[in-house]
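Protein chains in written order, with the working numbering: chain A, 1 to 252; chain B, 1 to 739.
Worth double-checking, as some hints may not be accurate.
Stated by the list, open to error - Pairwise CB distance ranges, derived in the manner of DEER restraints: (1) A:Ala202 with B:Asp496: 52 to 58 Å; (2) A:Gly203 with B:Gly420: 34 to 40 Å; (3) A:Gln113 with B:Lys734: 20 to 26 Å; (4) A:Ile221 with B:Gln385: 56 to 62 Å; (5) A:Met149 with B:Lys499: 42 to 48 Å; (6) B:Arg93 with A:Ile221: 45 to 51 Å; (7) B:Thr305 with A:Leu144: 57 to 63 Å; (8) B:Lys2 with A:Ala94: 45 to 51 Å; (9) B:His42 with A:Thr95: 18 to 24 Å; (10) A:Gly203 with B:Lys462: 58 to 64 Å; (11) B:Lys20 with A:Ile221: 30 to 36 Å; (12) B:Lys2 with A:Gln113: 36 to 42 Å.
To be verified - In silico DMTMM-like links for lysine to aspartate or glutamate, alpha-carbon gap of 20 Å or less: (13) A:Lys176 with B:Asp496; (14) A:Lys115 with B:Glu118; (15) B:Lys28 with A:Asp99; (16) B:Lys104 with B:Glu347; (17) B:Lys28 with A:Glu199; (18) A:Lys166 with B:Glu347.
As the list claims (entries may be wrong) - Calculated from the model, a selection of chain B residues having no Cβ within reach of chain A, i.e. all distances over 10 Å: (19) Ala175; (20) Arg232; (21) Arg297.
Quick caveat, the hints were computed from the structure, so don't treat them as lab data.
Note that CB positions come from ideal geometry on N, CA and C, so glycine has one too.
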Amino acid sequence: MHQRTDDGSAEFAPPQGVYVDDAPSEPSSITSDVPARRTFIAQTVAGGLGLLALELLPSSVALAQPSAPVDALRASMPVITEYHAGVTFTVNGATRTLDVDTRVTLLDALREQLKLTGTKKGCDHGQCGACTVLVNGTRINSCLTLAVMHEGDAITTIEGLGTPEKLHPMQEAFVKHDGYQCGYCTPGQVCSAVAVLDEIRAGIPSHVTTDLMSRPQLTTIEMRERMSGNICRCGAYSNIADAMAEVAGVRA
Amino acid sequence: MKFDTPAGQNPIDQLKVVGKPTARVDGKLKTSGTAPYAYERHDVVANQAYGHMLGSAIAKGRITRMDTSAAKAAPGVLAIVTALDTPKVAKGRFNTASLFGGPKVEHYHQAIAVVVAESFEQARAAAAMIRVTYVKQPGRYDLAALAKSAKLVSASSDEGTAPPEVLRVGKFESAFAAAPVTVDATYTTPDESHAMMEPHATIAAWNGDKLTVWTSAQMVAWARSDLARTLRIKPENVRIDSPFIGGGFGAKLFVRADAVLAALGAKAAGRPVKLALSRPQIANNTVHRPATIQRIRLGATRDGTLTAIAHESTSGNLPGGSPETAQSQTRLLYAGANRLFALRLAELDLPEGNAMRAPGEAPGLMALEIAMDELAEKLGMDPVQLRIVNDTQVDPEKPDRPFSSRQLVECLRTGADKFGWSKRNARPASVRDGRFLVGMGMAAGFRNNLVVRSAARVRLDKDGVVTVETDMTDIGTGSYTVIAQTAAETMGVGLDRVKVMLGDSDFPASSGSGGQWGGNNSTAGVYAACMKLREAVATQLGFDASRAVFADGRVIAGDRSAALADAARDVALIAEDHIEYGDLDKQYQQSTFAGHFVEVGVDRFTGVTRVRRMLAVCAAGRILNPTTARSQVIGAMSMGVGAALMEELAVDTKRGFFVNHDLAGYEVPVHADIPHQDVIFLDETDNKSSPMKAKGVGELGLCGVAAAVANAIYNATGVRVREYPITLEKHLEKLPAVT
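Starting from the given sequences, assemble the full structure and let the hints guide the process.
Put into structure tokens, the structure is as follows:
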């Protein structure tokens, strides 16, 4: 890992007012006095804490006034430099080497740098499953993992499962059973569905597995439970269950 | 083509392609991840920079200062546009709150700045560095507290003239007082979020005065006109492209901040800009289904005949916003001589309330259909039978105005039969299955059919391929497929000879996707254009157009026959037309109907409700594609389960925002929540709706579902909950004792 630049000095200035931040994971205060792209970036790892403190302010506190406790909290926050790093992994069998900002998620590396946009960003917070990919055969939410964490990994995306000309059997089953509507959650559903059947076959238990001493069965209740991290707001669940059952060779 | 008399026999009636269960023509693209959504269009324009929205941290007040010095100096930042340093944008015709606020703040997370940077990470980080100084003002955030002072408003009607503020037929008060059996109850429905999977997203690029946006919009023509109005530029200088939309449910009916900010950011940066709202910004920055407080009074004779019906609903919205018209279905669903309807609207400073899937009917039926269940119980009458005896074949307010088609009774009877309704034990809390209390519930479903002008252009090429171009959108409804089916049927070719191009404002303006009007109207527009193309083909071939038969890729007139492609051998033939409507929707009330049946199990120990079985029986005109129509209905049924059991935007009534503004806090149904679902479409054609004889199903599938779940829970537990969603704490203490 290397710092992109080393010729600027970062300075932390307490904020004068109040600002909003959406996600606790996002930096809450940054300041710098050197030109863009040739500088440090000051990033608070404790941004979430700062935000929390703001939310806890009594409503009687006039927001236009600087708040001493909040400023003190911010002043104590550590400063982090913007880093770039190289990473090499395989995507759908091809070796890819990237130089990435270390904040880049695997999801954004796939979508923005490798232009593999089949993997979708629905929430960016691990709440919807649209970004599901397979890493070394295991499904993960690619928005919850940084690209630089995947040195040497084998990543399979929806594009690696099949193409319009040669669909994967699960993709074919989704088409046949209309296991989708708008199509946005679909790549994640398909990747999860493929992995779920493998997980059941590998004997990995789930929340609904009643007997941990015997192998879980390919039942729709097992499948529905294990698919529950993949939200489909169009509500194609019943059809997805049919598609999975067909691929698994069982009755829905 | 003007549609002003009921449709006779026409080429669609052949049903060689239309009406057949057909896999989506875009299915391979969607399942392989190659269908391009708005934020993914790397190929459409080079040098795209990244935009990130900053939303207001307060719900109401003024911005006095925005310090962007640190943000501007942050790595990668190309431009920052704030609410204070740019000319005020105008407000779109369809927006209640401005899409770019400041200095006045109208609601929490209203957009107040956009940061453009080389990377997403840099833009997001820099946006958090903008220091905003606010002066907070007191806001109004508590609907329940403001309901008493809410003002009567008259909701707009389909007929262009607003009805009176309190709509009366007969004499409600005296009839209600005289009724031997009555229900008088108040029901509440919460604020709900569309929560479509694809966030609002736009890529914007300027070329001189011309702006192109690749975006996610249900209504392309509205997006074009309102984006132009907002940015104070000419509509002809705006192009919208929206070929794939990752769900909308109403959230993408109107231009939103992503398009405005991407355009402003691109202008400032001198580069194309892509911008998506982050998931936690969506609930408060955009729109939601407003909460309602509904009072329903029903009076009936002992045989179940309704004599008095009153439905009053109170909702809230920003100043200038509209009420949730939760009374609308009650005006048309049941007979009854004495009727009263009223809407009240409280001014709130919460984010803008607007249309979500089946606005009006969805929350209205959540209340009405519990009230009917309560009445049935008081009467000692079967809930299905109560609805049947109160069926009407005419508009109850205008008895000389019949329904164009109305098979509600058939929906209910078929549903009861197929679901095994006769096995239901009418006495609540009397069926057990292990740890579960089991109950069955039902509700009627109702949603109007709306007719809207829709245009299309069709082209026949020398290889015999028919290409359809219309700005119609496919939000998951299956527009690509039903339009392809329509063109194939009309032109007498196979689906493999039809190409459908959607979502581009350079194409003729369609009905767009909303109000379950998209399927019927957009295909009718394509049908009109195809009929015009048939004339051009016949003329080119020297055939009598009125006698020409188009089938199997050939044109046959009398003893003459030619390949369809021959007509375009020298030059492609192009035809453009639209469907427009006369007053058949005034002469006849056009609506769609359903019977919803649900079985639930309520855990005796925890109060958790699990849906065990669901059935919908729908009567909605001709079903153009039973595969995609069924999917719309099961999806809507799933959304109905969400409305019944879990969906609620939690309001912070002190600070004025929706607290659970992401998909972890705002719970929607997941796989494990939804059982196998059955859908039955009754055989129906409606010759007054359009030449397609179709209506819509996408919203019908939702209407009534939540009440059916609620009624099933009551049947299971004997505890009536009138506040949605029916979460376990609302009935746990009152559940039958566990012995």
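Here is how each hint holds up against the structure:
Between Ala202 (chain A) and Asp496 (chain B) the beta carbons are some 41 Å apart, a value that contradicts the proposed interval 52 to 58 Å. Separated by about 37 Å at the C-beta atoms, Gly203 (chain A) and Gly420 (chain B) satisfy the suggested range of 34 to 40 Å. For Gln113 (chain A) and Lys734 (chain B), the hinted distance range of 20 to 26 Å is not satisfied, since their beta carbons lie about 56 Å from each other. Between Ile221 (chain A) and Gln385 (chain B) the beta carbon distance is about 35 Å. The supplied range of 56 to 62 Å is therefore violated.
For the hinted restraint 42 to 48 Å between Met149 (chain A) and Lys499 (chain B), the CB-CB distance of approximately 43 Å keeps it satisfied. Checked against the hint of 45 to 51 Å, the pair Arg93 (chain B) and Ile221 (chain A) passes, with Cβ atoms roughly 49 Å apart. Separated by about 59 Å at the C-beta atoms, Thr305 (chain B) and Leu144 (chain A) satisfy the suggested range of 57 to 63 Å. The hinted range of 45 to 51 Å is not satisfied by Lys2 (chain B) and Ala94 (chain A), whose Cβ atoms lie roughly 57 Å apart.
Under the hint 18 to 24 Å, the C-beta atoms of His42 (chain B) and Thr95 (chain A), about 21 Å apart, fit the expected range. Range check, Gly203 (chain A) to Lys462 (chain B): Cβ separation about 59 Å, and the 58 to 64 Å hint holds. Remark: the range hint 30 to 36 Å for Lys20 (chain B) to Ile221 (chain A) is upheld by a beta-carbon distance near 33 Å. For Lys2 (chain B) and Gln113 (chain A), the Cβ-Cβ distance of about 53 Å falls outside the hinted range of 36 to 42 Å, so the restraint is violated.
The straight-line distance between the Cα atoms of Lys176 (chain A) and Asp496 (chain B) is roughly 17 Å, inside the 20 Å bound, and the hint therefore holds. The suggested pairing of Lys115 (chain A) with Glu118 (chain B) holds, with an alpha-carbon distance near 16 Å, which does not exceed 20 Å. With a C-alpha separation of about 33 Å, the suggested pairing of Lys28 (chain B) with Asp99 (chain A) is violated against the 20 Å cut-off. Distance check on the hinted pair: Lys104 (chain B) and Glu347 (chain B) sit about 17 Å apart at the alpha-carbon level, within 20 Å; holds.
With a C-alpha separation of about 26 Å, the suggested pairing of Lys28 (chain B) with Glu199 (chain A) is violated against the 20 Å cut-off. For the hint pairing Lys166 (chain A) with Glu347 (chain B), the CA-to-CA distance comes to about 56 Å; that exceeds 20 Å, so the pair is violated. For Ala175 (chain B), the non-interface assignment is confirmed: its Cβ lies about 41 Å from the closest Cβ of chain A, beyond the 10 Å cut-off. At roughly 27 Å from the closest C-beta of chain A, the C-beta of Arg232 (chain B) stays outside 10 Å, upholding its exclusion from the interface.
Against chain A, the non-interface label of Arg297 (chain B) holds: every CB pair exceeds 10 Å, the least being about 34 Å.
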